[in-house]
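The lines below spell out each chain.
Protein chains: 2
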Amino acid sequence: MRRFFIFIVLFATLTTMAQEKKPFTLHDLIPGGETYRQCTPLNAWYTWWGDQCVELDVDTLSLLKPGSRKPAVVLMELSQVNKWLEADGKKPVHSLQSVSFPYADKPLALFQANGEYLLLDWQKGSVVWSLPVAKGAANMDWHKQSRHMAYTLENNLWVMTSDGKGVQVTDEPEGIKCGQAVHRNEFGIEKGTFWSNDGQRLAFYRMDETMVSDYPQVDMEARTAQYLPDKYPMAGTPSHKVTVGVYDVATGNTLYLQAGDPTDRYFSNIAWSPCGQYIYMMEHPREQNRAELVRYNALTGAKDAVLIAEEHEKYVEPQHPITFLPWDDTKFVYQSQMDGFNHLYLYNIEGQQLAQLTRGEWLVQQLVGFHEGRKEVIVVTTEVSPLQSNLYAVSVQSGKRRALGNSEGVHSVELSASANWMLDRYSAPQTPRRIELVSVKDGKVKNTLLDAPNPWEAFDVPEITVGTLKAADGQTDLYYRLVKPVGFDPAKKYPAVIYVYGGPHAQMIQNSWNCAVRGWDIYMAQKGYVVLTVDNRGSGNRGLAFENCTFRQLGVEEMKDQLQGVEFLKSLPYVDAGRLGVHGWSFGGFMTANLMLTYPDVFKVGVAGGPVTDWKYYEVMYGERYMDTPQTNPEGYKNSSLLEKAGNLKGRLLVIHGGNDPVCVPQMTYSFLKACIDKGTHPDLFIYPGHGHNMSGIDRVHLHEHITRYFEDFLSSEF
Amino acid sequence: MRRFFIFIVLFATLTTMAQEKKPFTLHDLIPGGETYRQCTPLNAWYTWWGDQCVELDVDTLSLLKPGSRKPAVVLMELSQVNKWLEADGKKPVHSLQSVSFPYADKPLALFQANGEYLLLDWQKGSVVWSLPVAKGAANMDWHKQSRHMAYTLENNLWVMTSDGKGVQVTDEPEGIKCGQAVHRNEFGIEKGTFWSNDGQRLAFYRMDETMVSDYPQVDMEARTAQYLPDKYPMAGTPSHKVTVGVYDVATGNTLYLQAGDPTDRYFSNIAWSPCGQYIYMMEHPREQNRAELVRYNALTGAKDAVLIAEEHEKYVEPQHPITFLPWDDTKFVYQSQMDGFNHLYLYNIEGQQLAQLTRGEWLVQQLVGFHEGRKEVIVVTTEVSPLQSNLYAVSVQSGKRRALGNSEGVHSVELSASANWMLDRYSAPQTPRRIELVSVKDGKVKNTLLDAPNPWEAFDVPEITVGTLKAADGQTDLYYRLVKPVGFDPAKKYPAVIYVYGGPHAQMIQNSWNCAVRGWDIYMAQKGYVVLTVDNRGSGNRGLAFENCTFRQLGVEEMKDQLQGVEFLKSLPYVDAGRLGVHGWSFGGFMTANLMLTYPDVFKVGVAGGPVTDWKYYEVMYGERYMDTPQTNPEGYKNSSLLEKAGNLKGRLLVIHGGNDPVCVPQMTYSFLKACIDKGTHPDLFIYPGHGHNMSGIDRVHLHEHITRYFEDFLSSEF
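Taken in sequence, the protein lines are chains A and B. Going left to right, the first sequence walks through residues 1 to 719 as the working numbering numbers them. Going left to right, the second sequence walks through residues 1 to 719 as the working numbering numbers them.
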């Protein structure tokens with residue numbers, strides 16, 4: 001049986017203190033706000049030079065030996081650095097906070113500034129190497145061993161060799177992109193170039209989009225509005241064709257892996273063999289019900305072997321390239337959900353499974369690295385709780401696990417060169433941010449580098465509760481987060497708003513600071529609303545069966561679970577069941593509008609942002625993974641289409657969309673409006689011109705003012 | 001001194017009758033509604049064959065001699081017609097209502113049906129001539145003498161000769177349009193082909209738009225949204241270049257009038273000399289402060305003479321081609337506002353002004369035709385009242401005027417072949433529609449063909465009052481129309497809404513049926529609102545000085561006058577001055593948003609439809625006529641820009657736009673939204689996907705539901 005880790009966080013607002021606390025403005029709570037009170041950022045301001053920790057200040061870099069009680073020692077100062085740069089004819093830098101240390105054993109600091117990459121030897125006090133960044137370059141991928149840099153100029157791939165010579169690798173016409181991420185962000189693909197370990201060969205994606213429809217985005221800020229075509233393959237329409245090239249820096253030759261006709265196929269999770277002779281990648285048919293790990297000869301492009309094949313009647317979705325053991329080039333770690341949860345498996349290069357390294361009703365979220373001496377793999381998992389990310393060392397020989405660092409909260413980790421030490425960054429419900437130096441040997445915290453202050457100290461924070469309730473299947477426990485109104489009075493009746501996301505690969509409730517509450521939830525609590533969020537079946541971090549029960553019918557099971565949240569709200573004596581609202585964005589916008597239209601008597605007011613309104617307008621990779629195609633699943637598409645339900649609208653529904661949303665394209669919202677007009681129903685609308693899938697910067701405050709006003713207009717009183 | 005014709009219309013709702021009257025639905029009141037109660041249409045269902053009036057029924061055509069007391073005589077019946085058509089191998093027709101009689105002296109009826117034009121001889125009982133309409137043809141222009149037809153296929157001009165042979169006249173690439181109206185609907189240009197009197201030569205416009213920006217319209221109903229570029233020259237940006245060609249049917253040759261470099265020039269009001277040897281047209285520089293009447297030799301293209309030149313420091317705007325006297329090819333009538341009102345002038349072909357035919361503080365709206373025997377020109381003028389259109393015969397020799405037909409209401413007229421008779425169609429405040437046969441000889445009504453029933457007979461119609469109030473200049477009388485709430489109680493306090501247009505060339509208040517009240521005004525009166533409309537200075541039918549006081553500062557004087565309307569409302573004891581709203585579309589949308597932003601403490605709620613928000617986004621012809629260019633009038637553009645005032649919004653402002661508005665492009669509204677977001681103000685928004693500058697069909701009902709709901713949400717109670 002699954003153990004659930006349940007707890008309640010109470011931020012007791014002491015009566016005697018109440019007068020001293022002040023209310024939040026939206027600017028305090030929303031990223032982009034002028035007074036946004038953010039936690040110290042996750043990546044602040046430490047890194048590794050070998051096994052020594054470097055403290056990165058604007059003016060000073062200091063060194064700290066892990067476990068040492070001595071204070072950090074100054075390594076270099078900004079004024080000094082700028083003198084060294086000046087002596088070499090370089091422009092000054094203004095901060096040392098983004099310096100990195102690529103070589104564990106060399107006193108070289110890497111600066112990326114003023115249009116170049118340069119290495120500063122702080123012992124010599126001089127620039128020892130530099131490389132200009134080509135004008136207009138994007139997708140820079142620098143290899144620290146060879147010091148070559150891959151980059152793109154418009155749609156083509158270039159390499160700047162370590163001696164500063166720019167070489168054009170591809171010469172493709174418009175419509176074919178080389179060296180960029182492919183397959184629209186799915187499959188864990190975040191880049192388009194992959195250096196071999198020695199940095200002498202470069203694998204890269206080549207994506208032919210000439211057969212893909214252009215979505216006509218429009219720039220409304222030009223003197224006369226300007227057409228901005230954006231390749232966007234919608235579900236069931238022609239998809240792009242991807243091939244993988246290999247460029248050899250020494251010879252200047254490029255070859256392509258002989259993977260056959262790329263029509264309706266995806267290629268993901270590229271990995272080099274340590275020796276640089278082979279490339280491994282995952283291959284999927286467009287149906288995504290099968291994935292093969294295939295090996296190619298990188299020197300000839302020939303297909304060498306299919307090592308692993310996985311199938312699933314719903315979908316398989318490998319997200320991680322294989323990782324070779326640092327101490328044995330014949331073995332690699334393969335991640336798979338084949339037993340229902342993402343776990344690690346040890347394989348040899350013959351494709352034989354040697355061991356399942358992790359197992360249990362929890363999942364591995366990240367393979368961080370290895371401790372070569374101890375033959376351990378360092379991972380982040382949900383073993384403590386599905387709401388947490390905790391650190392473990394797993395023995396590759398025995399599979400035994402050791403917990404590393406603190407057990408509470410959501411952790412991320414950066415290993416030192418030897419992997420004897422790690423920087424453990426985390427937050428927990430009452431911990432805004434801690435950064436600790438942890439010994440991998442005994443798992444203990446040796447130094448506390450940062451214990452961030454509570455940025456909400458001066459404010460009147462409402463009560464936040466996390467708990468579980470039963471899913472609509474009557475069995476599964478779902479996590480909820482409940483925020484009570486500020487100045488809560490149990491005798492009163494409050495309106496309530498559900499904030500929902502509900503889509504795959506995401507989780508709204510975590511054991512991070514304040515249980516990952518959103519700033520807007522706090523604002524609404526301050527305005528006198530109860531705010532509830534439930535992570536329904538279909539959401540992330542709970543394993544395959546939990547997530548894929550939504551297959552071919554997105555929205556159906558998810559909404560049933562949200563209705564369990566409604567029942568929970570109705571069970572609370574202080575909630576006015578006649579005044580329920582719902583709000584969400586993207587998949588949550590889909591959920592919001594869907595809930596308004598499917599349960600028109602439950603919700604009075606909804607605000608759906610950047611919604612999917614019909615999955616046929618969503619792109620092939622994500623859309624077809626979860627829904628198949630409109631051609632093969634017409635019923636599923638029809639049943640999940642909000643266009644079909646547009647006539648059901650009874651309450652007030654505000655739809656908001658970014659004017660240039662490239663993810664959920666504006667056609668989603670305009671089609672829905674048309675359907676409502678045809679049916680005689682009256683949603684409300686707002687558009688943020690020039691914005692994409694989310695509003696960022698100061699406009700995010702305007703957005704939340706707008707959302708809040710809508711609930712205040714139509715939900716605050718008995719409208 | 002100008003005489004004003006003021007009166008009040010009272011639709012007394014008798015208490016004893018009230019119970020029998022029913023309320024309107026929006027479907028009853030809005031064009032496109034399922035139960036729309038429209039008046040009998042203006043063009044119903046009479047026409048001329050020579051001097052005999054033909055009554056056009058679906059099944060029967062009947063002949064009536066004007067002045068005769070005898071009933072109409074059946075001319076032909078549908079079943080008979082279809083037998084004749086069938087005998088000639090033609091498809092049957094389903095109605096006779098659109099048959100016309102091009103030849104006064106021949107028994108030939110013209111049918112345009114089933115993809116062809118055909119002439120039926122009803123005495124012979126057979127089809128005597130037919131011409132196929134080319135597939136995809138548009139802009140058909142058939143000449144009854146020669147029976148040739150001009151038409152366009154895509155961007156090129158064709159002629160189908162009377163024997164059915166299609167000839168391609170122009171062969172231009174995309175971006176150059178031939179045979180279509182040019183200069184974006186200004187200058188009274190409604191078509192692009194002009195036959196000589198004998199129908200053997202064809203003058204046509206050629207418009208090169210390759211240098212004009214594309215406005216990126218988007219079709220949201222395609223499978224994947226589709227780019228629909230639309231040439232749209234915005235104020236201050238490169239305009240198209242127009243030339244005029246002349247095609248000779250006999251030789252097949254085309255020449256172009258030698259008008260010089262067409263850059264930044266407009267060519268309008270094309271007219272042929274009766275002999276067919278000359279073409280007259282008006283030529284304007286882009287500044288529109290000068291207009292020349294120029295004669296060209298149609299056989300050589302050579303410029304022959306500049307006959308008349310007019311200048312004005314603001315603008316000149318000739319809207320009517322010259323018209324030759326039927327009895328003297330050496331003289332023509334020229335229309336001009338040169339004395340401050342549009343009047344008729346007699347010129348000879350040497351360009352000498354022989355006489356001013358009409359004169360007075362009223363204007364000629366239309367030159368209908370001539371009575372050759374009496375040497376009279378028949379015109380429609382505002383002499384009775386600026387709110388009316390009445391018929392007059394003006395002696396070309398003496399300038400003496402005779403009134404024709406009834407003196408009340410708004411008239412339009414169709415002369416018989418000899419001009420001895422006319423069909424006079426009109427409506428008046430209490431007359432839904434009358435059609436009368438009038439003798440031009442004595443101006444008397446001889447037959448009443450139609451006295452349409454009141455389509456609102458069964459409904460509870462509110463009280464509608466028309467009167468005058470002083471403009472902000474303290475001198476000018478402005479007309480207003482006031483609609484009181486249904487079931488008016490003088491002891492109550494009602495919210496009030498101003499419906500505004502306010503732009504040039506238009507008039508909201510007329511002495512037509514119910515004083516031209518809009519259906520929505522009635523609906524709002526039914527909901528308990530007072531509805532006021534004021535035709536401010538700058539609007540049409542009041543002469544040049546009244547209209548052009550807005551030059552280079554659109555909105556400023558117009559709003560001052562609307563504020564006089566507000567003062568009038570405040571003077572009414574039954575109006576709640578704290579609950580004022582405003583609504584308008586297009587120029588009226590500009591006015592609405594402008595009023596909300598300029599007088600934020602006056603109006604609580606506004607609904608601005610298809611608004612201009614900055615004149616720099618409007619097109620060159622209209623925009624620069626009234627505002628000059630952004631380069632030459634930066635202050636005027638800035639002061640009239642709603643983007644500059646976006647931060648002033650205090651009340652509730654709903655902006656509505658057609659998703660594909662080609663007139664006020666959607667960039668107008670999106671730019672305004674961005675300005676509001678930047679300034680932290682919160683307008684509301686709705687978009688009608690796929691609609692143009694106005695919502696038509698059943699969606700127009702949805703639109704008015706949406707507008708009404710907004711006022712009900714935020715103005716109906718003390719919000």
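If you're looking for bench data, these hints aren't it; they were derived computationally from the structure. It is possible that part of the hints are untrue.
For chains that are exact copies, the list does not tell them apart, and a pair is met inside one copy or across any two.
[Stated by the list, open to error] Derived lysine-lysine pairs resembling DSS-like cross-links, with alpha carbons at most 27 Å apart:
hint, residue 1, residue 2
1, K65, K446
2, K527, K650
3, K679, K22
4, K638, K21
5, K106, K375
6, K303, K83
7, K22, K65
8, K527, K679
9, K91, K331
10, K314, K638
11, K83, K446
Predicted model, so just to flag it, every value in this text is computed and none were measured.
These are the hints, each one checked on the structure:
no. : hint        : result
1   : K65 x K446  : within (10 Å within a copy, 113 Å between copies)
2   : K527 x K650 : both (25 Å within a copy, 21 Å between copies)
3   : K679 x K22  : between (47 Å within a copy, 26 Å between copies)
4   : K638 x K21  : neither (51 Å within a copy, 45 Å between copies)
5   : K106 x K375 : within (26 Å within a copy, 107 Å between copies)
6   : K303 x K83  : neither (53 Å within a copy, 77 Å between copies)
7   : K22 x K65   : neither (42 Å within a copy, 89 Å between copies)
8   : K527 x K679 : between (34 Å within a copy, 23 Å between copies)
9   : K91 x K331  : neither (47 Å within a copy, 81 Å between copies)
10  : K314 x K638 : within (19 Å within a copy, 59 Å between copies)
11  : K83 x K446  : neither (36 Å within a copy, 105 Å between copies)
Checked against the numbered hints given earlier, the structure breaks hints 4, 6, 7, 9 and 11 and satisfies all the rest.
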